[in-house]
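Fit chain B to the given chain A structure using the hints.
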Amino acid sequence: MKSLFQYELIFLKSSKTFWVLLGCLLLGTLYGLQNGRSYYQKQVETIESIKENDLKTYQESLKNFTADTITQEGKMQFYQATEASSAMFSSRINVYWQPSVLSILSIGNRDIYPYYQELLPISLYMRLLKNEIANPLTLLTGNIDFLYIIIFLIPLFLIALTFNLVAFDKESNISSIIEISVPNKVGFYGKRYLIYVTIITIILAIMFLIATIIFLPKGVEFSSVFILFVMSALYTYFWLGLSLGINLLGKSSTTNISILLVCWLFFTVLMPSVINQIMINKYPVETEKLTNNIRRIQISDDEREHNKILAVFYAHYPQYKPLNPLKHDELSFDKAYFAQGQLNDKEGDQSFKEMIENMESKSGFLNVSAYMNPSMLLQKMFCNYSKTNLNDYLNYLRYVQQYNGKVKDFYLKRTFQDNRITLEDFKKNYPKFSY
Amino acid sequence: MAVLSILIKNELKLLSQNKVLKWLSITILLLGIIALWISINEYKFENATRSYFQEKHRRMWLEQPPKNPHMAAHYGTFAFKPANPLSLFDKGIRNFSGSFTYLEAHRQNDFVGSPAQNSSIYLRMGEFNLSFLLQFAIPLLILAIASGMFSKEKQHGIYSFITTNSVSGSVLFYAKSLAIFSMILGIIFLIFAGTFFISLLSGIDWNSQQIGAILLLFLMYLLFYFCLINLTLIISLNAHSFKSAFIMSCSAWIFLFFLLPRLASNFANDFYPLPSNIAFKSAIKKDIDNGIDGHSRGKREEIVIDSLLKKYKVDSTNKLPINIDGVLLMKGEGYSSTVYEIHFKKLQHKIFQQRAVSTYLGVINPFLLIRNISMSLCNNNLENEFDFREKAEVYRNYFVQKLNENMMLKSKEGEFKTYKIHQKEFNQIKDFSYQGLRLFQSLQSCMIDIILLLGLLFFIQLFITKIK
Numbered sequence: 001m002k003s004l005f006q007y008e009l010i011f012l013k014s015s016k017t018f019w020v021l022l023g024c025l026l027l028g029t030l031y032g033l034q035n036g037r038s039y040y041q042k043q044v045e046t047i048e049s050i051k052e053n054d055l056k057t058y059q060e061s062l063k064n065f066t067a068d069t070i071t072q073e074g075k076m077q078f079y080q081a082t083e084a085s086s087a088m089f090s091s092r093i094n095v096y097w098q099p100s101v102l103s104i105l106s107i108g109n110r111d112i113y114p115y116y117q118e119l120l121p122i123s124l125y126m127r128l129l130k131n132e133i134a135n136p137l138t139l140l141t142g143n144i145d146f147l148y149i150i151i152f153l154i155p156l157f158l159i160a161l162t163f164n165l166v167a168f169d170k171e172s173n174i175s176s177i178i179e180i181s182v183p184n185k186v187g188f189y190g191k192r193y194l195i196y197v198t199i200i201t202i203i204l205a206i207m208f209l210i211a212t213i214i215f216l217p218k219g220v221e222f223s224s225v226f227i228l229f230v231m232s233a234l235y236t237y238f239w240l241g242l243s244l245g246i247n248l249l250g251k252s253s254t255t256n257i258s259i260l261l262v263c264w265l266f267f268t269v270l271m272p273s274v275i276n277q278i279m280i281n282k283y284p285v286e287t288e289k290l291t292n293n294i295r296r297i298q299i300s301d302d303e304r305e306h307n308k309i310l311a312v313f314y315a316h317y318p319q320y321k322p323l324n325p326l327k328h329d330e331l332s333f334d335k336a337y338f339a340q341g342q343l344n345d346k347e348g349d350q351s352f353k354e355m356i357e358n359m360e361s362k363s364g365f366l367n368v369s370a371y372m373n374p375s376m377l378l379q380k381m382f383c384n385y386s387k388t389n390l391n392d393y394l395n396y397l398r399y400v401q402q403y404n405g406k407v408k409d410f411y412l413k414r415t416f417q418d419n420r421i422t423l424e425d426f427k428k429n430y431p432k433f434s435y
Numbered sequence: 001m002a003v004l005s006i007l008i009k010n011e012l013k014l015l016s017q018n019k020v021l022k023w024l025s026i027t028i029l030l031l032g033i034i035a036l037w038i039s040i041n042e043y044k045f046e047n048a049t050r051s052y053f054q055e056k057h058r059r060m061w062l063e064q065p066p067k068n069p070h071m072a073a074h075y076g077t078f079a080f081k082p083a084n085p086l087s088l089f090d091k092g093i094r095n096f097s098g099s100f101t102y103l104e105a106h107r108q109n110d111f112v113g114s115p116a117q118n119s120s121i122y123l124r125m126g127e128f129n130l131s132f133l134l135q136f137a138i139p140l141l142i143l144a145i146a147s148g149m150f151s152k153e154k155q156h157g158i159y160s161f162i163t164t165n166s167v168s169g170s171v172l173f174y175a176k177s178l179a180i181f182s183m184i185l186g187i188i189f190l191i192f193a194g195t196f197f198i199s200l201l202s203g204i205d206w207n208s209q210q211i212g213a214i215l216l217l218f219l220m221y222l223l224f225y226f227c228l229i230n231l232t233l234i235i236s237l238n239a240h241s242f243k244s245a246f247i248m249s250c251s252a253w254i255f256l257f258f259l260l261p262r263l264a265s266n267f268a269n270d271f272y273p274l275p276s277n278i279a280f281k282s283a284i285k286k287d288i289d290n291g292i293d294g295h296s297r298g299k300r301e302e303i304v305i306d307s308l309l310k311k312y313k314v315d316s317t318n319k320l321p322i323n324i325d326g327v328l329l330m331k332g333e334g335y336s337s338t339v340y341e342i343h344f345k346k347l348q349h350k351i352f353q354q355r356a357v358s359t360y361l362g363v364i365n366p367f368l369l370i371r372n373i374s375m376s377l378c379n380n381n382l383e384n385e386f387d388f389r390e391k392a393e394v395y396r397n398y399f400v401q402k403l404n405e406n407m408m409l410k411s412k413e414g415e416f417k418t419y420k421i422h423q424k425e426f427n428q429i430k431d432f433s434y435q436g437l438r439l440f441q442s443l444q445s446c447m448i449d450i451i452l453l454l455g456l457l458f459f460i461q462l463f464i465t466k467i468k
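From first to last, the protein sequence lines are chains A and B. Residue 387 in the working numbering sits at position 387 of the first sequence; the count goes up by one each step and never skips. Residue 289 in the working numbering sits at position 289 of the second sequence; the count goes up by one each step and never skips.
The following block holds chain A by itself, in its conformation from the complex:
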C-alpha cells in the first residue's frame, strides 16, 4: 500500500496536467468565494440602508406624537401619528430577508428572489412580489460560486485525473504484468483509488479552510461548515467510485472519458433540468391570479356602499365590530376603505396559498428526486444550510404575510375602536419585525 501510494504520488508530482488543473481549481475556488462574498456584502449593505431609513422613519413617528400642534405642520404630523386611520394611510412597512453568511458559499437563488420590500398595511400583494433590479441575461447565465466549483468542476478534475487509470496500464501493455503480480485486480485498483480519495479529501479540506478562515465572517457555525465539507467529500467519492467502476469495465481510455463526460452532463445538467422542467409543467404557478388583488382599492363616497362593505367585513372579522355602532360615522369612508382592503387581501391570501402550495409540491418532489442524483443532493444540502432555496423564500414570504397581518391588526383595531394611538401604545404594541 505504501509503495503504491509513493508510486502514485511520484506520478502525480511529475504530471503537469495535475498541477495545472489543481492551480485552476484553487484559483476558481478563490474566485467563487470572492464572488459569493461580494454578492453577500451587496445584499447586507442594501438591507443596512433600509434598516437605517426604517429607524429614521420610526424616530420621526415617535417625534410626531409630541409635535407642536400650534403650527399647521405640527398639527398635521400629530394627527398622522395619533389618528389610527391617518397613520394607516401613511404607514410604510420595510421588510427584509437577511442573507445567511453561508450564502457566501452558495448564492443559490438569492439573486432571483426578492429580499426586501416596502409594504403598506393594506394591499399587501401590490408590493409583495416586487424584486431587486437585475439583468435577466446574467440571471439566466448564473454565477460562479464555491458550490459551482464543487458540483461542476471537481468532478471534471477527478475525471481528468482518473479516466485512464486502468486503461493506461492496458494501453502501455503492463496490465498483464500487473495481473500476474497482484492477486486481486479490483483490490489493486481500489487501493490506487484510495490514494485519490485521500488527495481529494485534502484538497477539499484546503478549500473549506480557505473559505472559513478568509471568506466567512467570524462566528460562523463550524458544525454546518463541517457537515458541508463531509457532504462534499462524499460527493467527490461518488465520482471517484463511478470512475473506478467505468475503468474496471476494461474499455479504452477514450471510451472511459466519453462515458464519464456523458455521466457528468447527465448528473449535473440533464437530469436536474429535465426533472425541474417536468415539475414546472406539472405544478404551474399562476402569479397572474394575484393581479385581482394587486389593483388599487377604490370605493365611492356613498355611505350605503360603505355600510354594505362593512357588513361583509364584520361578518368575516367580528372582533372589529363596534358594540354601539354610530348612526353617522365620520370615519365611514376610511373604515370602509380599510375593510375593503382587508377583504381584498383575504382573497389574495387564498390565491397566494394556492400558489405556494403548488410551489411546495414542486419543490417537495424535486427534493425527493435529489436523492437519485448526488449533484442535486449536494446542491440541496448547500442551499438548505445557506438558506437560498425556494422553501426559505416561501418561509420568508409567510413571515412577511403574518407580520403584515399583525401591523394591519394594530391599526384596524384602533381605527374601529376610538381611532387613537398614544405614544406608549405605539412604543409598546406596534409589531416589531424580526426575521
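No wet-lab data here; the hints were simulated from the structure. Virtual Cβ for every residue (Gly too), placed ideally from N, Cα, C. It cannot be assumed that every hint is accurate.
Cβ-Cβ distance ranges computed for the label pairs, FRET-style [what the hints assert, rightly or not]: (1) B:K345 / A:L249: 58 to 64 Å; (2) B:H349 / A:Y317: 45 to 51 Å; (3) A:T69 / B:N290: 27 to 33 Å; (4) B:F267 / A:S176: 47 to 53 Å; (5) B:N290 / A:Y317: 39 to 45 Å; (6) A:Y317 / B:K319: 45 to 51 Å; (7) B:I6 / A:I177: 42 to 48 Å; (8) A:L249 / B:F189: 34 to 40 Å.
Using the frame of chain A, we list chain B on its own:
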C-alpha cells in the same frame, strides 16, 4: 470537385457506421421530443393564462362604476407579456424577466411574476428545452464525431498517404467537414421541421414574421455548427493522437459552453454594477419631488397657473375655460414620466454594457454568439424585454393622459367629486396589445453577433485553405 464528392461519400459511409453518432443522434431526437412536448404545454398554459387575465382586466376596466377620470387612471389596468410561440425554440431571458405590470397614474410599477421567482434552485443547473439541445447537446455530438476524424487517420498513417497522393489537405478537410455537416443538417432539419409541424398540429399559429425567424434561426445554427465542426477538425488535425484531440475538444467545450459564459456574466456584474431598486426609486422620487406631482401646489405649479392666467387673461383659476386640476395632473404626469425615462435609460445603458462583455467575448466563443442570435430571433432577448416595457409605459402614459385631458377639458375646477365618466368613455381607451419586435428589428439587435460569427467562419476558412 469530383474528388471532393468521392471523398464526402466515403466519409459519409464511414460516419454511417459510427455507433456513437447513431446512439447520440437517437438520444438527442428523443430528448427533442420530450423538450417539445414540455415546451408546447408550457406555451399553451402561458397563452391561455395571459389571454384570460388580459381579457378579464379589460372587462373590469369597462365595467368599473362611473367615476372621475383621474380616479379611473388610479384604478388602472395591467399589461401582460403575451405568450410567444418562438419560445418553443428558445426561451431566452423570458423565465428571468417579469410577465406583467400594473399600470396606473403617477407610478411606473415594476414588472413582476417572473417564472424563475417561483422556481427551485435546480433551475440554475440548466433549463431543459430545444435550445439546450441545439446549443449544448449537438455541439457535444459534433465534438464526439469530429475529434477523431483526423487524429485516427494520422495515427495510422492514412493521412500522410492520402495527402501525398494528389489530394490536398484542405480538400480532405472540406470532405470531412461537409460530411459531418450533412449529418448534422439532417438532425437539425428533423428538429426544426418536427417542432414546426407538431406545433401546427397542436394548434399553434405561426405568422410570416415568425416563420421567417425560424428559417433564419435554422440558417444561423447551420453556420454555428459549420464553425464548430471546422474548429474541432482543426484540433483533430493538429493533435498528435485521438486521445489528446478528444481531451482538448472536451476541455474547450467545457470552457466555452459552461465556464466562460458564467465568467463573462460575473465580470459584467463587477464592471458595470446595477443600482439597488431602493436606490433607483429614491433617485427618481427625489427628482420628482422637486418637480410637479399634480396634486400639490408648489412653486412650479404656481408658475404653470400664472402662465395660464396670463394666457387666458383672467385673475382666478376658476375663471379659466379649462380645469386647472386637470392641467396640473397632465403636467405632473408628463414630468414624472420624463424623470423616470431619464433614469430608466441610464439603467438600460448599464444593462447593455453588461451584455456587451459577453458579445465581445464571442470573438473567442461562438457559443455566446449563437446564444444571443437565437434569443434575439426568438424575440426573447433584452431588446424585446425593453421594447415591451417601453410599449407598456407608452400605453400607461396614453390612457392616464387621455383621462387627465378629459378632466381638463370637460370639467371645472372643484368638480373632482361630482364630475364622472362612464362606460362610453372607458371604452374609448383602447386596450393594451403588444406585438414583439419585427424580424428586421430582431435581426438588427443581433447584427454584431452575426457579423462576428461570419468573421469567425471567414478566418477559419482562411486557415483551412492553407492546409497542405
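Verdict for T69 of chain A, N290 of chain B (Cβ pair) under range 27 to 33 Å: With Cβ atoms ~29 Å apart, the hint holds.
Y317 of chain A and N290 of chain B - C-beta distance against the hinted 39 to 45 Å: Given range 39 to 45 Å: holds, Cβ gap about 42 Å.
F267 of chain B paired with S176 of chain A, Cβ distance criterion 47 to 53 Å: Holds, since F267 of chain B and S176 of chain A (Cβ atoms, about 52 Å apart) stay within the stated range.
Beta-carbon spacing of Y317 of chain A to K319 of chain B - inside the hinted bounds 45 to 51 Å or not: At roughly 49 Å between Cβ atoms, K319 of chain B and Y317 of chain A fall inside 45 to 51 Å, so the hint holds.
H349 of chain B versus Y317 of chain A beta-carbon gap, inside 45 to 51 Å or not: holds, 49 Å
K345 of chain B versus L249 of chain A beta-carbon gap, inside 58 to 64 Å or not: holds, 60 Å
Beta-carbon spacing of I6 of chain B to I177 of chain A - inside the hinted bounds 42 to 48 Å or not: holds, 46 Å
Cβ distance range 34 to 40 Å for L249 of chain A and F189 of chain B, holds or violated: Between L249 of chain A and F189 of chain B, where Cβ atoms are some 36 Å apart, the hint holds.
In summary, this structure violates none of the numbered hints.
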